[in-house]
Amino acid sequence: MDLSLSTRTVGDRTVVEVGGEIDVYTAPKLREQLVELVNDGSFHLVVDMEGVDFLDSTGLGVLVGGLKRVRAHEGSLRLVCNQERILKIFRITGLTKVFPIHTSVEEAVAATD
Amino acid sequence: MATVELRFSALPEHVRTARLVAAAVARRAGVDEAVLDEVRLAVGEACTRAVGLHQHVGITAPVKVALIEEEKQFSIEVGDEAPHAVPGVKTSGDAADELEAEEDEMGLAVISGLVDDVEVTAGESGGLIRMTWPTAPAVLPPV
Chain A
1 MDLSLSTRTV
11 GDRTVVEVGG
21 EIDVYTAPKL
31 REQLVELVND
41 GSFHLVVDME
51 GVDFLDSTGL
61 GVLVGGLKRV
71 RAHEGSLRLV
81 CNQERILKIF
91 RITGLTKVFP
101 IHTSVEEAVA
111 ATD
Chain B
1001 MATVELRFSA
1011 LPEHVRTARL
1021 VAAAVARRAG
1031 VDEAVLDEVR
1041 LAVGEACTRA
1051 VGLHQHVGIT
1061 APVKVALIEE
1071 EKQFSIEVGD
1081 EAPHAVPGVK
1091 TSGDAADELE
1101 AEEDEMGLAV
1111 ISGLVDDVEV
1121 TAGESGGLIR
1131 MTWPTAPAVL
1141 PPV
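So the protein lines, in turn, are chains A and B. Okay, so the first sequence: first residue is 1 according to my numbering, each after it adds one. Okay, so the second sequence: first residue is 1001 according to my numbering, each after it adds one.
A hint or two may mislead.
[Said to hold, decoys possible] Restraint-style ranges between C-beta atoms, simulated for each label pair:
1. B:1058 / A:4: 45 to 55 Å
2. B:1061 / A:103: 25 to 35 Å
3. B:1123 / A:110: 51 to 61 Å
4. A:11 / B:1005: 26 to 36 Å
5. A:35 / B:1055: 35 to 45 Å
6. A:36 / B:1105: 47 to 57 Å
7. B:1121 / A:35: 35 to 45 Å
8. A:83 / B:1058: 16 to 26 Å
9. A:50 / B:1003: 34 to 44 Å
10. A:91 / B:1028: 46 to 56 Å
11. A:36 / B:1003: 43 to 53 Å
[Unchecked claim] Derived list of chain B stretches under chain A, where covered just means 3 residues or more per stretch with a C-beta under 8 Å from a C-beta of chain A:
12. 1007-1016
13. 1042-1051
14. 1055-1063
15. 1128-1135
Because the hints were derived from the structure by calculation, they are not lab data. Computed from a prediction, not measured in an experiment: that's the story for all the values here. Beta carbons are placed, not taken as given, at the ideal position from N, Cα and C, and that holds for glycine.
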């Protein structure tokens, strides 16, 4: 399984739907996508991880990089994830304190802070 | 010898193969289903780290993975051949090296968070990460 990416706009938010495996091989594609969005002026991102089967520290690094980029423009990066095995890696690394993690795209899109 | 041994070119696209093989052998060895996700993630982190070290130093040697089934336990050894891969010792201070070191530490942090029984050794001729999981249900740690 490879990585699939699709984006859509909901109000002032850009939702990035990610599917498949985010690892050392596929993470660069996600990084490119996030960089491109920020360069194009999308500073409020919602990354929907419900379709993600696997996430490793390389993927975490890309998400942290994305967060740094949007913050430089006073933007936000929110995650949507309900999968315990994916949430676990955020907890182990302490990143649950860094990323707002929501249970649905609707909730993430509606969130302000 | 190990139950299964893998050698792969130090390229990111092969890390997934190592994960799949390791999980399959772990399942056969009797590692609890609930722990297989951790096995997959931990071996992926160890292989990613090894690939990064080989690529950083320009080593063409393969990354080695040994999957070892023993009585009541299952071990995975991931070996690299990168010299000076001594944890905590910085050989130079430029930004690229520091970034590399950060990613390296993130991978190790995930491994040590996931696996209770892990040994990391490193020296002039390379490094080795050995991770062990119990296979007897009675001694499984609470999930």
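Hints, one by one, checked against the model:
A beta carbon spacing of about 33 Å between residue 1058 (chain B) and residue 4 (chain A) contradicts the range 45 to 55 Å that was offered as a hint. The hinted range of 25 to 35 Å is not satisfied by residue 1061 (chain B) and residue 103 (chain A), whose Cβ atoms lie roughly 46 Å apart. A hinted range of 51 to 61 Å for the beta carbons of residue 1123 (chain B) and residue 110 (chain A) is consistent with their spacing of about 54 Å. Look at residue 11 (chain A) against residue 1005 (chain B): about 53 Å separates their beta carbons, and that is not inside 26 to 36 Å.
Taking 35 to 45 Å as the suggested C-beta distance range, the pair residue 35 (chain A) and residue 1055 (chain B) does not conform, at roughly 21 Å. Here the CB-CB span from residue 36 (chain A) to residue 1105 (chain B) is close to 28 Å, at odds with the stated 47 to 57 Å. In this structure, residue 1121 (chain B) and residue 35 (chain A) meet the distance hint of 35 to 45 Å, their C-beta atoms being roughly 37 Å apart. The beta-carbon spacing between residue 83 (chain A) and residue 1058 (chain B), approximately 38 Å, falls outside the hinted interval of 16 to 26 Å.
Distance hint for residue 50 (chain A) and residue 1003 (chain B): a CB-CB separation of about 36 Å, consistent with the stated range 34 to 44 Å. About 29 Å separates the C-beta atoms of residue 91 (chain A) and residue 1028 (chain B), a value inconsistent with the hinted range of 46 to 56 Å. A beta carbon spacing of about 44 Å between residue 36 (chain A) and residue 1003 (chain B) agrees with the range 43 to 53 Å that was offered as a hint. Under the rule that three or more residues need a Cβ within less than 8 Å of chain A, the assignment of the stretch 1007-1016 of chain B holds, with 4 such residues.
Coverage of the stretch 1042-1051 of chain B by chain A holds [criterion: at least 3 residues with CB-CB distance below 8 Å; count 4]. Figure legend: the stretch 1055-1063 of chain B, annotated as covered by chain A; annotation inconsistent (0 residues with Cβ-Cβ distances under 8 Å, at least 3 required). Given as covered by chain A, the stretch 1128-1135 of chain B fails the check, having 0 residues with a CB less than 8 Å from a CB of that chain where 3 are the minimum.
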